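**Q** What follows is the residue order along each chain.
Number of protein chains: 2
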Amino acid sequence: MSDPGLTPDGPQPGSTKRTKIRRIPDRAVTSPTVRDEVLDAGLVAHVAVIDAGQPFVVPVAYARSGKEVLFHGSSASRLFKTLADGQPTCLSVTLLDGLVLARSAFESSMNYRSVMVIGSPRLLEGDEKAEALRRISDHLLPGRWSDIRPPSDQESKATIVLALSLDECSVKVRTGNPEDVPEDLVDPNFAQVWGGTVPLTESFGTAVPDEFSGGIQAPSYIETWTRS
Amino acid sequence: MSDPGLTPDGPQPGSTKRTKIRRIPDRAVTSPTVRDEVLDAGLVAHVAVIDAGQPFVVPVAYARSGKEVLFHGSSASRLFKTLADGQPTCLSVTLLDGLVLARSAFESSMNYRSVMVIGSPRLLEGDEKAEALRRISDHLLPGRWSDIRPPSDQESKATIVLALSLDECSVKVRTGNPEDVPEDLVDPNFAQVWGGTVPLTESFGTAVPDEFSGGIQAPSYIETWTRS
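As they're listed, the protein sequences go chains A and L. The first sequence begins at 1 in our numbering and counts up by one. The second sequence begins at 229 in our numbering and counts up by one.
Don't read these hints as lab results, they were simulated from the structure. Predicted, not measured: the structure shown is a model, and the values here were computed from it.
Here are a few chain A residues that face chain L, going by a calculated C-beta distance under 10 Å:
#1 VAL44
#2 ASP51
#3 PHE56
#4 VAL58
#5 GLN87
#6 LEU91
#7 SER104
#8 THR159
#9 GLY176
#10 ILE222
Calculated pairs, DSS-like style, for lysine-lysine (alpha carbon to alpha carbon, straight line, at most 30 Å):
#11 LYS245/L with LYS309/L
#12 LYS81/A with LYS129/A
#13 LYS17/A with LYS309/L
#14 LYS157/A with LYS67/A
#15 LYS81/A with LYS245/L
#16 LYS17/A with LYS385/L
#17 LYS157/A with LYS245/L
#18 LYS67/A with LYS81/A
#19 LYS67/A with LYS129/A
#20 LYS245/L with LYS295/L
#21 LYS17/A with LYS67/A
#22 LYS357/L with LYS385/L
Counterexamples of contact, computed for chain A against chain L with all Cβ distances above 10 Å:
#23 ARG27
#24 ALA28
#25 THR33
#26 VAL34
#27 ASP36
#28 GLU37
#29 ASP40
#30 GLY66
#31 LYS67
#32 ASP85
#33 GLY86
#34 GLU128
#35 GLU131
#36 SER165
#37 VAL173
By construction, the Cβ of each residue, glycine as well, lies at the ideal position given by its N, Cα and C atoms.
Isolated chain A (complex conformation) (with noise of 0.2 Å):
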C-alpha cells in the first residue's frame, strides 16, 4: 500500500535531475511514443498553479501538439493569469488501467499511465492561439471544429491559452500482475487468496440530443470516437 502505483515521485523522457524517477524506478519509462501516446489518450489534465505561496490543483482541457502540451482558461481567472505570466507549473494526465490485487496490502496496486510535464508556460496569441482552440477541440471530439462556430474575437479574449514544452517530464507506466511477496504465496493464511486484476475502462455511451437537435442526425464523428 505504500506504492499504491500512485505515490508522488519526481517527475523522464526529458528528464532532468528534477524530473528523474527515483521511487520504483522500474516503471519510469522513457520513450516519447508512450509519454505522446498517454498525453493523446487522456481527456483532462491537472495543473498546478502556486498563488501566495499556496498551490492550487485545476482540471483542464487539453492537447498535445509535437513537443507541447495545450492547455486553456478563462481570462478571468484569477489562476490563470497566474500562469499566463509564466509562472512555474506542472501538468499531470494520469490514465487508470485498473486494480492490482495482491495478497497484502502494501503490494496492491493499480495500473496505470502517467504523464508529468513542468515548466513554465508560454501564453499563446494570434494565429498559434487560434490553432491550439482548434487542437484542444479536436483532442476532445476529432471532426467538430469543422461543425461548429469558431471564437468570436470578444470570445477569444475571454479566453487564456498556454503551451507547456515537453522538455522537462517524467513518464510511470505500472502494467501486469501484482508482485507478490514469496512468502505471502505459500502462506496457508494468504496463499489461497485471490489475486490478479481487475481492469477498469473509461468509455463513451450514446450521444444524447438537446432540445434544438430534433430531426438532425447525430454525425458519424459522435458515434464512432473512442479512446484507449
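Following the hints, position chain L against chain A.
**A** Just chain L now, with coordinates in the frame of chain A:
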C-alpha cells in the same frame, strides 16, 4: 472554449476567501453531501507539492474519512516527505461525466463533478495510520482488506499516511445540455448542427487471475464492485 467546464478557479463548501468560486459561480455547489459523493466516487486524486518553488502534481490513491481526506505515499519519496512536514497542499478529485457539444467552440464544454481541497496535511501515526490504510483499501475495493495480509511494521514504516481536512474546499458541478448563444441556434450556418451531450462512463471489466490463482474462485466483492 474559454471554459471547457474545466478551468482554474479558486476553490466552496467550507468556502473561504481563498476557496470562493468566482468564475461561473452557478457551478459552485455548497452541499457537503455532493462533496462527499464526489470524493467517495473517485479512484484517484491529484495532489500538489511545492519543491524549491516548483510545483509538482502527483496522482495518489485516497479515501474520505468523515471530514478529512486520507492519502498515502512512500517514506522514500522526497515530495511525500515534504508533505509530511505539513507544507500547504491541494488535493483535487475530478469525475468526468461527458462531453457537452454546443454550436460554438466557446460554449462547448464538459460535464463533470470536481472537489478541490486546500490546507496543510496532518501526519498520521499508530492506530490512526493503520485505520487510514484500511480505509484507503476499502475505498478502492470494499471487502478486500479482510482477505489480505495487513502491513508489517517494516512496510508501515515505508509508508507515509496523511490526512487533509475538508474545512477549506470547493465543489463544482456541471450537468446537462449546452448553453448555446441564442443567435447560433437560428444562424443558418449552425442551426442544423447537432448539439447535446455524450456521456462518459468508467467501469470495471472482468477480473483476470494471476498464475497463482488457478482454481480459486474470484471473491464476490470483486464481481459486484461498481462505482458511479
